[in-house]
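Enquirer: Could you put the whole structure together from the sequences, leaning on the hints where they help?
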Amino acid sequence: MKKILSGILCAVLVLGITACGSLGNNSGPSVPADLDTKTVIKVQNFPGGIGSNWLYKAAERFQEQYKNEHFEDGKTGVYVDITPEQPNSSTLSTSAYHIIFDERYSNIYELAQSGSIIKLDDLVTEKDTAGRSIEDCIYVAAREGLKGADGSYYALPHYEWFPGLSYDKDNFDINNWYIAKDTENGRLIENEYGSLYLVKSASSDKSCGPDSKYGTDDDGLPSSLEELLILSGEIKKKTGTGPFTVTGSNLYYTNYLVEGLWASLAGSEELKAVYDFKGSVDVVTGFTDENLFNGIDYIKKPVITKTEITDKNGNLALKSAARYYATAFIEILHKEGFFSDIASSVSHTGAQKNFINGGVRNNPVRAFLVDGSYWYNESVDQGNFKDYTIMTGKTTRGVRFMALPVTVTGAVASSETATKPSLIDSGIAYAYINARYSDRTDIINACKTFLKFLYSDAELKEFTALTGVTRPLDYSLEDAQYNSLPEYQQKVYEFSRNSDILYFGSVNPIFKNNQQTLKIHFSSQIMNPAINNNQYKSYYEAIKAGATSQGVFEATVITDDVWKNIAANK
Amino acid sequence: MKKVENRKKSNVAEKIAVIILGALLIAYSLSIILVLLWGLLSSLKSENDFMNNLLGLPTINNPEWFDRINDPDSSYKTLFWLENYVLVIRRFNFPASTSFFVGNREVTHTTENNFFGMLFNSVVYAFGNGFVQAIIPAIMAYMCAKYRYKFSKVLYITVIVVMTLPIVGAYPSELTLLRNLGLYDTWYGNFIQRCSFTGMYFLVFYEFFKGVPDTYSEAAEIDGASQFAVMFRIYIPLASKIIGSVFLIRFIFFWNDFSSIELYMPTHPTLAYFIYALGAGKKISSDMTTNPRKIAACMILALPTLILFLLLHNKVMGSMTLGGIKG
Amino acid sequence: MISKTKNSAERKVMHKKTKRLIFYIAVVALPVLQFVIFYLYVNFNSIILAFQKYVPPAEGEVGFKKVFANFDNFKVAFSTLVNGWNMIANSLRMIACELFIGLPLALLFSFYIYKKFLLSGLFKVMLFMPQIISSIIFVMLFRYIANDVYMEVFKTEWGLLSSPAFGTRMGTILFYNVWISFGINVMMFTGAMTAIDESVVEASQLDGANLAQEFIHVTLPMIWGTFSTFVVISLAGLFTHQLNLFAFFSDGAADLSSFGYYLYVASTKKILIEEPGLKWLTYSQLSALGIILTAITLPIVLGTRKLMSTFGPSAE
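Residue numbers (this note's numbering), protein chains in the order written: chain G, 1 to 570; chain L, 1 to 327; chain S, 1 to 316.
Worth flagging that the hints you see were computed from the coordinates, not collected in a lab. Treat the hints with care, as some may be off.
Claimed, not checked - The calculated lysine to aspartate or glutamate pairs, modelled on EDC-like cross-linking and capped at a C-alpha distance of 16 Å, are:
1. G:K200 with G:D219
2. L:K146 with L:E207
3. S:K19 with L:E218
4. G:K519 with S:E157
5. S:K17 with L:D67
6. G:K394 with L:D67
7. G:K491 with G:D217
8. G:K386 with L:D67
9. G:K200 with G:E190
10. G:K448 with G:E135
11. L:K15 with S:E202
12. G:K335 with G:D457
13. G:K564 with S:E275
14. S:K306 with L:E262
15. G:K119 with G:D439
16. G:K461 with G:D439
17. L:K146 with L:E218
18. G:K200 with G:D182
19. S:K115 with L:E14
20. G:K335 with S:D197
21. G:K237 with G:E336
22. S:K116 with L:E14
23. G:K519 with S:E275
24. S:K17 with L:E218
25. S:K279 with G:D561
26. S:K19 with L:E221
27. G:K394 with G:E487
28. G:K147 with G:D121
29. S:K17 with S:E152
30. G:K75 with G:D561
31. L:K77 with L:D67
32. G:K420 with G:D219
33. G:K127 with G:D457
34. S:K16 with L:E207
35. S:K16 with L:E218
36. G:K564 with G:D311
37. S:K16 with L:E221
38. G:K448 with G:D219
Expert: Here it is in C-alpha cells:
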C-alpha cells in the first residue's frame, strides 16, 4: 500500500514539475498570429442576459475599420481581446482588463472617487460632424448615474432592462382572457375576489387597459390589481395551475414583480422621489381594519397621507403606498397558491420553458412569467423555442412583455391621450475604462476610440438589432433592423422607447453619498428585508417564512433616526 | 447462579444493541447508495424527462411524439448517446487568464484547459497538497510532543490559537505577499503555501505521539541512533497509519476544493473548480444549465475519487485496522 | 581521575543535549518560518485593519484613505454580535447536533466496525463515501432529494428545504450535516481503536467484561485523547461553521444562517466604506468582529480541553 502510494506520488510530483513548464503559460489558440504587431484592448464583459455575441461582432467591425491605425509606436491595427466573465470592480487595480462592461455591481460614483476608473468627459462631450455628442444622446434621466463627485462623466450607459411580467398572448387569445370594453362585449365571470367582464370572442371590443387609451397594445389587460386578481382566480380555475410562473432556484426573481408593480402603481412622477427626495408621495401612515380586496382577509387597507418629500423626510419616499400594494400582492400570490413552478430545480430558463410550453401536451398554461424584459434572449440561447417547434410544429410563439396595473381597485377610465408606463431600470449597466492603465495614454486612446465607435449611432442600432435590448440613448432602429427582431422584442423596443424610466442616479447629494443604502434593485437592501435579524433575499422569501406584507414593508423602510444620519452624510 | 443469569441477560441486550446498530448502518448505506443511484439515473435523462418523470427510468418512447430521438421530452439521446456527458466533456474547455504586479513588473498568465488538463491539475493539486499537509503536521507534532522545550509549548498553544481565530479579510495582504515573492499562481508557490503545520491534524498527531512511550527513543539512542533516525525510523512509521489517513483526507479535500483555486491558482483550474464555475456563471455555455447536465458534471467529478477509493479502500482501511504500535 | 570521568560524562550529556537542540531547531525552523510569513505577517495587517477605516477622498483628491478608527469598528461589531442571537442559536444547534448525535453515533459505528461485526467492511466504505465525493455534489443531489423527490413521493406542496416551516428546514440541514459527517470521525476513531493493545482487551475479556463494559472501560478511555480532540475542534468551529449553507443556498440562507455563514457572506459583499443604514459590515468592522469572536471562543475551547483531560476516563 505504502509502495503504491509513494510510487504514484513520485510520478505525480515529477509530472507536476514538468507541468509548470509545459502547461503554465500557454496562450489561447483563438488569438491571431500577428498579435505582437497590433494594439490589444482587453475587454471584460458581463456574460448574463444578453451574452457577448454583440461585442464580438462589433469588435470585428472595429478591427476592420481601424486596421491601419497606429495606436502604439511600431504597431498597426488593433485587436479586441474579449473575456466573457463576471467583472469584479473591487479588484480593478490588479485587473488585466482595460474596458469593462458590467451590470449592476459597479458603483460608478465610488469607483470614480477611489480613482479606479478614468474620466471620460472628452469622449462624452466631443461633437461629431453633425454637431451631436454622446452626451446629447444619453437620456437626461440616465446621465447622473454616470458621474463622479466632480460632476464629470466616468462611464457610459450599457443597457437597460425592466423587471415585471410577460403574458402568454397566444393563450390569452384562445381563451379570451381580455377584459371587455363594456357589458355588451363581455361575459361575466365571478369568484371570491369579485366579478369582471371578459371579452366574449376575439372580435369583441376590449377595455382601454392601463394606459387609458383605446386601440393600443395594452387593450384588455388588467388596469388594477383587483382586476388582475379576479382574472388570476379565473385562470387558475380553468388551468388548475398557479397563473404566475417564476423560477424556484432563484427566488429573488419574485422581487422583479414587486419592483414592476411598485413603479407602475406609483407612476413615474411619484417614483422619482425615491432618488431625488422631492415631489409628493402617497405615504402609508397606518393601517385600517378594512380588507383591501374581496375574499382576502389578511391584507388591510392602509391609511394614506399625501406628503411633500424633501431632504428632511426623504425616507418617507420608501413608505409609499405603491410599494405596500406591490408587497401585499406578493403575499396574495403566495397565500392564494397563484405561483407555480416555485421549486428549487426550476431555473429561470426552466420557468421560461414552462411558460413557452404552456398548453402543449399535458403542460398546463402559465398565463404570466415573472422575469426581466430580456428573458426572450435567454430562451432562444437555451433552445426553448426550438423545442417548442419540435413538439408543436409551430414556428412562432406569441408572448408579450406586459403593461402592469396602474391602480389598486376598480378600473382606469378611458381617455384620449395614453399615459406612459412607468418602469424601473434594473440593468444599472455601464461601460468604463480601468484607471490602472491611465499612464498608458496610447492604450487609453485606443480604448476611447473603441468606446466612441460602439456608441456611434450605427453601432447603437446594431446593438439593439442583435440583442433586442435597448441602451438609454436616443437612437431609432432602421425598418429592416426592426423587422428582423422577433415580435416580442419589437414590442419591448417600442415599450421601452415610450415609457418613463427611473434610472439609478440623482443630482441630490444625499443620494450620491448613500447609494448602497438607497439603491432600488432586486439585490439591494431595500429589496432584501431583514426581519428578526434574518436577511431575506426577497420579499417573497420573508413572507413565505411567516412575515406579513405589513411586516416586510415596515422592515424595509428607513427609520427617521437612520435617515438623520444618512442626510448628515453628504 | 445469579451472575450467570445476568450474564445471559446482558448477552441478549448486547445482541439487540448490535442488531440495532447494524440496522442503522444498513439504512445509512442504503441512503448513500440510493442518492448516488438517483443521480446516475437522472444524469441520463433529458431536462423535460427529468422534470416530468423524477423517479422513473429514462423515457424513450411515446406515441404522441413526432420524433422519438429529437423530441425534447425524450431521453433517447441522453441515454444512448450519453449526450449530457459528451456535452460536459466537450464543454470542459476553460480558458483562464490572470494579470498582476510583481513589484512594478506586470505579469500575465494565460492557460487553455481542456477536460484532461483540468483532470491533470486536479491530480497534482490533490496529491501534492495531500502529501505536504500530512507529513508536515506529523513531523511538527512529533517535535512538540517529544522535545519538551518551552518553545514546543508555545507551538502547541499557537496551533490552538490559530484554530480558534476566525480571521476575516486577510486575503489582500496574503495575495500581495504571494505576488511579490513570485509564488502566486504557480505550483511551487502553492506547495510552499501549503507547508503549514497548524490545524486539527497537528493535534491528532500530537495526542498520538504523546501516547507513545519514550522508551523506544531512549533505547534507540542508547544503541547510538541519531535524532533523525529516531524520528524517521521509529516514530514516523508508527504514525504511518494516521499519516495515511490524513493524506487521504487531505487528498480528497483538495480534489474537491475550488475556493482556494479561485484565490491562489486562477490559471490552474481543477475539475472541482470547473463545477463551481458552472454554477457561478463563468464563461459557460448556457446549455449547461439543465438539471441533468449539472448532475452529469457532478458524476464525472465523482468518478475518479470513487474509483480510486474503491481500488484502495481495502489497503487504506485494512491497514488502519491492523493495529498501531504492535510491531 | 574521578573528576575527569565526571567531566567527560557531563560533556557527553551536554553534547547530547546540544545535538538534540540543533536537530530540533533544524527541523522546526522552516515550518515556523512559513508560519511567521504566511500567518503572522499576513494577519498582522488585518488586526491593524480592525482599528482603521476607509474614508472617501477629500475635495479634489482621489483614492480612499485609511484613517485611525479607535474602537468604532469594535462598537459596531459588538452590536452585530448582540443582535445576532438567532444566528448564534443556529450555530449552537449545529454544535449540539454534532456533539450529542454526530460524535456519539460515530463512536458507536466505529466500535461496531472495530469489533468486525457483520458487514463492517462495507459500512466503513459507505460511511466514508460522503468524504470521497465532493460536498458540491452531495449538496446538489441532497437538495433534489429533499425537495423534488420528497414532494413527488409524498405529494406535498413544499419540499423539506423549501418548506415555509423553519423547523423543517433547520432539521433537514442539521440532518444533512450529521449525515455526511461520519467519514473522518469514524476513520480516526477506528484508527485509534485498532491501536489499542490487544492484550488490554484480552485481559478485560478474561475479567468477564461484556461488550458494553469493554466499550466504556477499555475502548473509550484508550481513545479519549482522539475523542476530546474532535470535541474541541467542534467547539472551535462555533463561530466559523457554515453548516454547508453557502453550498445549499448561496447567500440566501436567511433565517437558517449561522454565525460562520454570516461572516463568510458578509466578507463576500466587499464593502469598504461605511454608510449609515447599510446592513452589511465593512471589512474593518468584520476584522474587529473576528477579534471579538476569538476572544469569546478561546476560553471556551481551552476550558473544555482542560475539563476533558481532567475528568475524562483514565487509560490506566
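Enquirer: For each hint, tell me whether it holds in the structure or not.
Expert: The hints, checked one at a time:
Distance check on the hinted pair: K200 of chain G and D219 of chain G sit about 15 Å apart at the alpha-carbon level, within 16 Å; holds. Distance restraint check for K146 of chain L and E207 of chain L: the Cα-Cα separation of roughly 11 Å lies within the 16 Å cut-off, and the hinted pair is therefore satisfied. As the CA atoms of K19 of chain S and E218 of chain L are separated by approximately 15 Å, the hinted pair is consistent with the 16 Å bound. Of the supplied pair hints, the one linking K519 of chain G and E157 of chain S is violated, its CA atoms being roughly 35 Å apart against a limit of 16 Å.
For the given pair, K17 of chain S sits about 85 Å from D67 of chain L by alpha-carbon distance, which is inconsistent with the 16 Å threshold. With a C-alpha separation of about 15 Å, the suggested pairing of K394 of chain G with D67 of chain L holds against the 16 Å cut-off. A distance of roughly 9 Å separates the Cα atoms of K491 of chain G and D217 of chain G; the hinted pair therefore holds under the 16 Å criterion. Restraint check for K386 of chain G and D67 of chain L: satisfied, since their Cα atoms lie roughly 14 Å apart, inside the 16 Å limit.
Using a Cα cut-off of 16 Å, the hinted pair K200 of chain G and E190 of chain G holds, with the two alpha carbons roughly 15 Å apart. Distance restraint check for K448 of chain G and E135 of chain G: the Cα-Cα separation of roughly 15 Å lies within the 16 Å cut-off, and the hinted pair is therefore satisfied. With a C-alpha separation of about 20 Å, the suggested pair K15 of chain L and E202 of chain S falls outside the 16 Å cut-off, and the hint is violated. For the hint pairing K335 of chain G with D457 of chain G, the CA-to-CA distance comes to about 49 Å; that exceeds 16 Å, so the pair is violated.
Our distance criterion of 16 Å between C-alpha atoms is met by K564 of chain G and E275 of chain S, whose separation comes to about 12 Å. A hinted pair counts as satisfied when its Cα atoms are at most 16 Å apart, and K306 of chain S with E262 of chain L does not qualify at roughly 39 Å. Taking the CA atoms of K119 of chain G and D439 of chain G, the gap is about 13 Å. The hint holds against a cut of 16 Å. Our distance criterion of 16 Å between C-alpha atoms is broken by K461 of chain G and D439 of chain G, whose separation comes to about 33 Å.
Taken as a hint, the K146 of chain L and E218 of chain L pair is honoured in the structure, with Cα atoms around 11 Å apart against an allowance of 16 Å. For the proposed pair K200 of chain G and D182 of chain G, the alpha carbon gap of about 11 Å is at most 16 Å, so the pair holds. At roughly 13 Å between alpha-carbon atoms, K115 of chain S and E14 of chain L fall within 16 Å of each other, so this suggested pair holds. With a C-alpha separation of about 64 Å, the suggested pair K335 of chain G and D197 of chain S falls outside the 16 Å cut-off, and the hint is violated.
Among the hinted pairs, K237 of chain G with E336 of chain G is consistent with the structure: their alpha-carbon atoms are about 12 Å apart, no more than 16 Å. Among the hinted pairs, K116 of chain S with E14 of chain L is consistent with the structure: their alpha-carbon atoms are about 15 Å apart, no more than 16 Å. Between K519 of chain G and E275 of chain S the alpha-carbon distance is near 12 Å, which keeps this suggested pair within the 16 Å criterion. Between K17 of chain S and E218 of chain L the CA atoms are separated by roughly 13 Å; this keeps the pair inside 16 Å, and the hint holds.
The straight-line distance between the Cα atoms of K279 of chain S and D561 of chain G is roughly 15 Å, inside the 16 Å bound, and the hint therefore holds. Proximity of K19 of chain S to E221 of chain L is assessed by CA-CA distance (about 12 Å); at most 16 Å being required, the pair is judged to hold. For the hint pairing K394 of chain G with E487 of chain G, the CA-to-CA distance comes to about 15 Å; that is within 16 Å, so the pair holds. Of the supplied pair hints, the one linking K147 of chain G and D121 of chain G holds, its CA atoms being roughly 10 Å apart against a limit of 16 Å.
Distance restraint check for K17 of chain S and E152 of chain S: the Cα-Cα separation of roughly 72 Å exceeds the 16 Å cut-off, and the hinted pair is therefore not satisfied. Between K75 of chain G and D561 of chain G, the direct Cα distance comes to roughly 60 Å. Violation of the 16 Å bound is thereby established for this hinted pair. For the hint pairing K77 of chain L with D67 of chain L, the CA-to-CA distance comes to about 12 Å; that is within 16 Å, so the pair holds. For the proposed pair K420 of chain G and D219 of chain G, the alpha carbon gap of about 14 Å is at most 16 Å, so the pair holds.
Taken as a hint, the K127 of chain G and D457 of chain G pair is honoured in the structure, with Cα atoms around 13 Å apart against an allowance of 16 Å. About 26 Å separates the Cα atoms of K16 of chain S and E207 of chain L, which puts this hinted pair outside 16 Å; it is violated. Among the hinted pairs, K16 of chain S with E218 of chain L is consistent with the structure: their alpha-carbon atoms are about 12 Å apart, no more than 16 Å. Between K564 of chain G and D311 of chain G, the direct Cα distance comes to roughly 10 Å. Compliance with the 16 Å bound is thereby established for this hinted pair.
Taking the CA atoms of K16 of chain S and E221 of chain L, the gap is about 10 Å. The hint holds against a cut of 16 Å. With a CA separation close to 45 Å, the supplied pair K448 of chain G and D219 of chain G exceeds the 16 Å bound.
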